[in-house]
Amino acid sequence: MLSALRTRLLLAIPTLLLVSFITFFLGYLAPGSPIDLMMGQHGDPAIRKQLEHAYGLDLPPLTQYGRFVWNALHGDLGKSFAMANRPVTQMIAEQFPITAFLALMSILIATVVGLVAGMVAALRHNRLLDRATMGVVLVSVSLPPFVVAPVLTVLLSLKLDWLPASGWEGVAYPEYWILPVLVLAARPTALIARFMRSSMLDVLRQDYVRTANAKGLSPARVIAKHTVKNAFLPVLTVIGNSFGYLLTGSFVVENIFGIPGIGYQSVQSILSRDYPVIQGVALLVAFTFIVVNLVVDMLYTVVDPRVRYESSAA
Amino acid sequence: MTEITDTLPSTKPMSPTAEAMRRLRRNPVAVVSALILAVLVVVALFAPLIAPYSFDAMDRTYAVMPAPPDAKHRLGIDNLGQDTFSRLVYGARVSLAVGVFLVLIQVVIGVSLGLLAAYKRGWWDTLLMRLTDAMFAFPDLLFAILLVGIIRPTDPKLSFITVFVALAVVNWPGMARLVRGQALALREKEFVEAARSIGVTDFKIVTRHILPNMLSPIIVAATVDVAGMILAEATLSFLGIGIQPPYPSWGRMISDGRPYLRSEPMLLFYPALALGVTVLALNFLGDAVRDAFDPRLRE
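So the sequences go chain by chain: D and L. Take the first sequence: its position 188, counted from the start at 1, is 188 in this note's numbering, and no numbers get skipped. Take the second sequence: its position 242, counted from the start at 1, is 242 in this note's numbering, and no numbers get skipped.
In case anyone wonders, no lab produced these hints; they're calculated from the structure. Be aware that a few hints might be false.
[What the hints assert, rightly or not] For the chain D half of the interface with chain L, some residues (derived, Cβ under 8 angstroms), not all of them:
| id | residue |
| --- | --- |
| 1 | Ala-84 |
| 2 | Gly-240 |
| 3 | Gly-244 |
| 4 | Leu-271 |
| 5 | Leu-283 |
| 6 | Phe-287 |
| 7 | Val-291 |
[As the list claims (entries may be wrong)] Non-contacting residues of chain D with respect to chain L, defined by C-beta distances greater than 12 angstroms in every case (computed):
| id | residue |
| --- | --- |
| 8 | Ser-3 |
| 9 | Leu-16 |
| 10 | Arg-48 |
| 11 | Arg-127 |
| 12 | Met-134 |
| 13 | Val-141 |
| 14 | Val-147 |
| 15 | Ala-149 |
| 16 | Leu-160 |
| 17 | Trp-168 |
| 18 | Asp-207 |
| 19 | Arg-210 |
| 20 | Arg-273 |
| 21 | Arg-306 |
[To be verified] Derived coverage of chain D by chain L (criterion: at least 3 residues anywhere in the stretch with Cβ under 8 angstroms from a Cβ of chain L; other residues may be distant):
| id | segment |
| --- | --- |
| 22 | 63 to 71 |
| 23 | 229 to 239 |
C-beta: ideal position from N, C-alpha, C; glycine also.
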């Protein structure tokens, strides 16, 4: 298990290099330099030269990339062009926990609600409750967060005045994060419910479930002991994949609700061509994704003892 | 002497596709979705005839903008004096064009690469699998956001090209993997072996025997992907890095309507409704198509 872990982490290195390489050179080749944005209309060539030198933008591209990777290995992702020279790592350290918190709360709600809804739908297969649940699921999958958010805002904030429409006061003030978390959770909840339902339907058809029923176990016991755990396995992958969506969704949701997380920052940085921040965020997302997939794979071995890491596994 | 008659009930043999279409026609949800989409296609094709104003015409006669609906502007005007109904109509054109063209591109790339990998095997296959693995290791819409964010052009016309390129770059791996898997399974089938044994060329085997047999999974995946691409474009435009004004995009209209959520909420809800209904119709139709083509659900 430990050696498998080590191999997986080693395999993450080429992925991270690829991501950094692509974002770096796209930024290098992109039209419009960040210096233009900093200097505005009036461009004194001497000051431009000075600025380019200060940011190392006058070096050959491969040297620039080499420096970027070398510094990144030492925990330095460069300084923001737009945000008064703030170190990118510092910005990430401040903003990523907020995004991570929203993502974790969303996945928690999505898992609980999704599993229950999927189970109920499967046990009432083809009846009204099943069809209604699956209808709600399809609607939730189809509507993007920027359609769901205004509907909920008008309903819960403007009409009922239950929750503030936007803002962020920290984790201790749930009235500010309930709405964003619900908006983020809508799609993962629906996907988990859909997979849990079809997975349950598969398991309910298995011979061992028939055996359990035949030997006279109570239906509740058959479901709790023989069905749910087996049905849960394929759903675990969906939960893992949802993190990709949650990171993307945070770009939209944090902008809508004015939450100072990494998604909000990224959009601001993209709009101001703040390349060091964009590169830093790309690396962070790739790294998070790798870690999440690793955790999901490890969870597999916990939930299902049949899945074992072989020491030779690549 | 008795006459010998055929006592078997007469059943007309039906091709699987014809049978699937028959089942699709009997599904009310599928029919309604298809009708909605047909209306949308007509609106998109004849946008200049349906829209009362051009998408970028600004009516400067109003003292307060955005303004609620009146006789001149049936759905009101936005903060720039642009007719909301006209922009919705042209927005349908943008959304459908994005969805249809991107899925066509994706099918072309996915089918060629997937078939190449499955049929040539060797390093073609290894290359495709490693490349798609690397792409799957990063959330695709986020990749597209970073791509357009970085290559974002200054000319609004070029924004169409960057959106198309970015979404095409991130979206082909799924289709390529699907086609590869199907082709790998089909090439081992007896009828392919039979064709090969009588000396049919590889090209003919692929185009006559393998490709037609994997059409239904490709169609199902493509239908659902049109919805995905429309949502992706709307997300990019919502974030301000997709289709640039004055060109209309439902995603951008939703974003532009946000400051007026209290005073003119319909400015946001009309494009939201258009987007929601379109994507729902596509997803409902996609689900119905999948069920119709699924041989396990045959009565």
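Quick rundown of the hints versus the structure:
1. Ala-84: With Cβ-Cβ at 21 angstroms, over 8 angstroms, it is violated.
2. Gly-240: 12 angstroms, violated
3. Gly-244: Cβ of Gly-244(D) sits 3 angstroms from chain L, so the hint holds.
4. Leu-271: 6 angstroms, holds
5. Leu-283: 11 angstroms, violated
6. Phe-287: Phe-287(D) check fails; min Cβ-Cβ to chain L is 11 angstroms, beyond 8 angstroms.
7. Val-291: Where the cut-off is 8 angstroms and the nearest Cβ of chain L is about 12 angstroms from Val-291(D), the hint is violated.
8. Ser-3: The assertion about Ser-3(D) holds, with a minimum of 21 angstroms to chain L.
9. Leu-16: Label violated. Min Cβ-Cβ 10 angstroms, cutoff 12 angstroms.
10. Arg-48: 19 angstroms, holds
11. Arg-127: 17 angstroms, holds
12. Met-134: Nearest chain L Cβ is 9 angstroms from Met-134(D), so the label is violated.
13. Val-141: Incorrect as stated: the minimum Cβ-Cβ distance to chain L is 7 angstroms, not above 12 angstroms.
14. Val-147: 4 angstroms, violated
15. Ala-149: Not fine: 9 angstroms to the nearest Cβ puts Ala-149(D) too close to chain L.
16. Leu-160: Given that every Cβ of chain L is farther than 12 angstroms from that of Leu-160(D), nearest at about 14 angstroms, it holds.
17. Trp-168: 17 angstroms, holds
18. Asp-207: 19 angstroms, holds
19. Arg-210: 20 angstroms, holds
20. Arg-273: 8 angstroms, violated
21. Arg-306: 24 angstroms, holds
22. 63 to 71: violated (count 0)
23. 229 to 239: violated (count 0)
In this structure, the hints that do not hold are numbers 1, 2, 5, 6, 7, 9, 12, 13, 14, 15, 20, 22, 23, in rising order.
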